[in-house]
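Asks: Residue numbers (UniProt numbering), protein chains in the order written: chain C, 1 to 349; chain R, 1 to 349; chain E, 1 to 349; chain W, 1 to 349.
Errors might be hidden in some of the hints.
The list makes no distinction among identical chains, and a pair is therefore deemed to hold if it is satisfied within one copy or across any two copies.
What the hints assert, rightly or not - Under the rule of at most 25 Å between Cα atoms (straight-line distance), these lysine to any residue pairs were calculated in the SDA-like manner:
hint, residue 1, residue 2
1, LYS70, ILE265
2, LYS273, VAL82
3, LYS273, ASP46
4, LYS3, GLY81
5, LYS70, GLU43
6, LYS230, PRO280
7, LYS273, VAL66
8, LYS70, HIS193
9, LYS191, PRO280
10, LYS230, ASP173
These are calculated hints, taken from the structure and not from any lab test.
There are 4 protein chains.
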Amino acid sequence: MAKIPVAVVGASGYGGVQLVRLILGHPYLELVYLGGDSSAGQEFADIYPHLGHQLHCVVEPVDAQVIARKAQVVFLSLPNGVAPGLVPDLLAQGCQVFDLSADYRFRDMQIYQTWYGIERTDGAVAAKAVYGLPELYRESLVNATLVGCPGCYPTASLLALAPLLRQGLVAWDSIVIDAKSGTSGGGRQAKTHLLLAEADNSISAYGVGRHRHRPEIEQVCGDLAGQPVKVQFTPHLVPMVRGILATVYAQVRDPGLTTEDLLLIYQAFYRGKPWVRVLPPGVYPHTKWAWGTNMCYLGLELDPHTDRVIVISAIDNLLKGQAGQAVQCLNISRGWPETTGLPQLSFYP
Amino acid sequence: MAKIPVAVVGASGYGGVQLVRLILGHPYLELVYLGGDSSAGQEFADIYPHLGHQLHCVVEPVDAQVIARKAQVVFLSLPNGVAPGLVPDLLAQGCQVFDLSADYRFRDMQIYQTWYGIERTDGAVAAKAVYGLPELYRESLVNATLVGCPGCYPTASLLALAPLLRQGLVAWDSIVIDAKSGTSGGGRQAKTHLLLAEADNSISAYGVGRHRHRPEIEQVCGDLAGQPVKVQFTPHLVPMVRGILATVYAQVRDPGLTTEDLLLIYQAFYRGKPWVRVLPPGVYPHTKWAWGTNMCYLGLELDPHTDRVIVISAIDNLLKGQAGQAVQCLNISRGWPETTGLPQLSFYP
Amino acid sequence: MAKIPVAVVGASGYGGVQLVRLILGHPYLELVYLGGDSSAGQEFADIYPHLGHQLHCVVEPVDAQVIARKAQVVFLSLPNGVAPGLVPDLLAQGCQVFDLSADYRFRDMQIYQTWYGIERTDGAVAAKAVYGLPELYRESLVNATLVGCPGCYPTASLLALAPLLRQGLVAWDSIVIDAKSGTSGGGRQAKTHLLLAEADNSISAYGVGRHRHRPEIEQVCGDLAGQPVKVQFTPHLVPMVRGILATVYAQVRDPGLTTEDLLLIYQAFYRGKPWVRVLPPGVYPHTKWAWGTNMCYLGLELDPHTDRVIVISAIDNLLKGQAGQAVQCLNISRGWPETTGLPQLSFYP
Amino acid sequence: MAKIPVAVVGASGYGGVQLVRLILGHPYLELVYLGGDSSAGQEFADIYPHLGHQLHCVVEPVDAQVIARKAQVVFLSLPNGVAPGLVPDLLAQGCQVFDLSADYRFRDMQIYQTWYGIERTDGAVAAKAVYGLPELYRESLVNATLVGCPGCYPTASLLALAPLLRQGLVAWDSIVIDAKSGTSGGGRQAKTHLLLAEADNSISAYGVGRHRHRPEIEQVCGDLAGQPVKVQFTPHLVPMVRGILATVYAQVRDPGLTTEDLLLIYQAFYRGKPWVRVLPPGVYPHTKWAWGTNMCYLGLELDPHTDRVIVISAIDNLLKGQAGQAVQCLNISRGWPETTGLPQLSFYP
């Protein structure tokens, strides 16, 4: 099979370099274009010298015409608000687009505009985008041409919640998501609070009660529950590079449920889904288990003292939470095995 | 004023070395005895060489008679279940005892035995112990002879919850405590899961639904609320040395409450309490702010989307969560200013 | 091609789990046996739950007969001194053995006994062992049946020094190796000084002037130079999980040499060696570049102020410094491409 | 005694916040002015919220007239090249100045200009500056009005080397300094390579053969040796917040010297110097021992295999390597005990 030519736009960020790494190891893909504005003109190996023996490629200024001439598949890893200036053009010229920003994740453009403060005129295009969480929207991904890949927090949170919501097992207003992220989630741009000297050996909450990922999570929760769901979402910054741990709390409707019942329900829900692993009773995931892989690990407990279920999910925020998931979506859209070119085992420790 | 002679028993652990550090810097205390069983016979400076220029002292085998002959104040920093073999003797000989283990924190010996699996025959002694959380039990600490100092998780959780419970502002069954601890909370004994190679760059939950600090927290919550309170408590291990962050969620009874209202309530509650600082609106604490100090920082938010209050507290688990708090209790018991000999400002970063 | 059955003995340590990970991803190998004494009887997935979806295997007590019945290739990842009790048997029964301990690295059993304090009676077997540093002993590895794989410090140090010594460019008595290691080099056994609470945010030297890796380095330096060479070797413990950085200093004989000259010499020396990458001028390696790969990155500088060359090498201590190198040796011994089944690109950051 | 009014200029950086912390705890000093250009107009507690309960102070634009009106002692913690625009004015108006930049460390302005690329016209002022390393230049510090405080690398390196050079014990051309620094040495400004995501779990060398601290070190080595000395200096970035470890190698002239001899020489040299502690034989310092203190710990070994002495020094780069040393210089200049207001014991771990 001839390899499919692929472009990565926004190549110098962490999403970009993960995409490059995955594409170089993917049997059906060929990297033909790296684009970026701040890094245009630079050798990619000058930005990431560890790739110098594998990749000789200059970052090009972003130009939809050039991209469409070279690539059939385009991954966009850009700041929010930039993709809408490229996507209509790319689609018109026959490209398949996987966008890693928030721009094509929302069904309701009004919600997007409220939370992101960006005017949008491409509502018709956005309406056709598929939400790229394959465990929940697999059918829509087959042959999809525009995929809005979810953020890292929603991925971890929704995989923890989905079986509960789909089966109506918990009180709709009882969901608390206490999420913890490594600092790479904040990107590669220099920001004071992400300096090692600031962020190391310290944990803190941020965006309490008003983080942008809350409406994204609620949109999908609504799909799963078949009715609006409000969630409490609190992100935290953890002194580590990669990984998200989401600790999710909800009140069960039926106090007779046990941990074993719920594990069976979760195992059934995720059967045949290679990127989610439900752990044995009493085992809760460590984010490091997922480091460098596309896995999501889930552990859970039903607490009879409080009639709450606690579900804990762990992913690598840059893979299952970003670049890996985008490749997983591509695999599904093309009919390839879902695991193609994606790492399953971490180099623990 | 003649300095008061002080003993530290269990000196080689993290609680012990913090106590040593604090006593050396305290104007009214003199360190006269270091005890420990596993380290008996060793020069303390061989265990902690960085103290070698300040302290020349051999660790002695633990013997209540010897301790009582030398010291008026005794800090016990021992594994759970050991203190009851020493405390009745020490008290009988006139010592004042500050115990850092769980042994003298529980009013109900039955609850202690259930959770710690240790038989106790010193119920009469235990009944006289004061729970050493000065912001809540200050009056009882004056002239106290036996203080059971709280654990690090309860300290952070209870300081976050106290104003809400005392004033009955939240639904009793709605409290979720998602707590995050540095690895020094696990002590200095070599355990595989606390190795840097295991714990670094990874976060995980443990003891979900069944951690021993839950009944301790519920005992004090009951005191504050004047009725039984059940809490959800989930501890996490965070890749950092020191610090606890507790993120506490509760449903407010009156949906008209605002963040500003709650901040006023908290400021009033903690007025005149030098070791708690309520942060301005929109500011949430970082654990590193408390590093090396006896401070507890509190930030909060009322989320009108869910009618939940989220309170976030940060302490240094080895100071306000352990040794510092014990010295604070001693200060109060003796009528000294509460801040005597305790550090208020971290060496940030 | 039928896959070759492989045994890993000492599977529960860090060397072992890396080997398992690599074997699971190697196209020509099949993992048929996991052995270990302390973990015998345990499900491997109970020790490393992140592997539970890929591996169902109980760790067996170590028994050379059982191993030889099941496996053709045996990796030994055991404490020093244990392998000699197994290796003669394994070889006699036709196994090919790759030993990761120090036991088969020394040509002179006297030196081994001096530094390791272990009596040896298998001198004849040891004499046939090949030193498993493929960039220097590739020819001897072809069809080798017993390979003593080098330690992580010698690998990083020798790859930095080899071109200088082979060509006689530096004064024999001028070599200083200042090496820095992550804590996983100390293994997975619980030791106080490797606790996160102790090792994090601290760097220290150890074994100054008397580390066991010095005679191992000097043995190979002697081979390269054709005469005895003494080196100064100082290891340091760095607050990170993986990686070794060796900063090597030596006085050049010809003060006319330039950085560019030396880079050409290094590039020529390592041409065709896929696991060593000589970096461009002015670029010095970061250990994280090698994380999770079998690469060795080399950067160098000739300082005209002092007429010293400074060479800096970076590897992942558990891969190129341990398990990866063992698989590289296996690949060569079997005539497979040297890169088979080994990762080349890190998941930076 | 009335407290002396003190100004800190460049207050928002790491040097600045350490100075603020130390001044707040110093019995003879009163903080009266915080200056800074990038942070002018901000409440200091908005930059460092953990200080909000102790300090209510707005950062003012830098103006020598205003400073001189308010303060008798001025600490300058500014980027290189800024101080010369302030210092002559401040001195003229009677202020005593402690400069933490490189601007007043060099006796030879030509060397400064070569390495820093900054033209200087205040040679006459610079000529009167005292190099603020109290263990070597104590007499000159008494009543000094302008002190150029040394950088963190020179402090650690020179305290390790001083006894060897003063007594002529080592070959002048044999000195290699392999130094390792935490990332706070790079300051608080946002730089990509100092992000936690980049710098964590990685160690690397930089400025190999051409770091600005080399000529500074050589100037003082020349003073000590009484003749020019060339050193090899290689700095490394270590994944930790604070601390410098310098591993120093030199060839001894007299091969009969022993470790014990050298320890005696070091103890004699540093007798009566409260901020240097020579460790017992076989003990080498960990940087964490010095964390949060003004201590320098020294360990050493004479290696009879190579006739080299290896001296290892550890300091907190922001205290003994920066702000603490400046306060130590002030103490000496005013005739106060050298330890006044400076921390001696770390909050280990």
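Asks: Checking against the hints above, which ones are violated?
Replies: 1, 2, 4, 6, 7, 8
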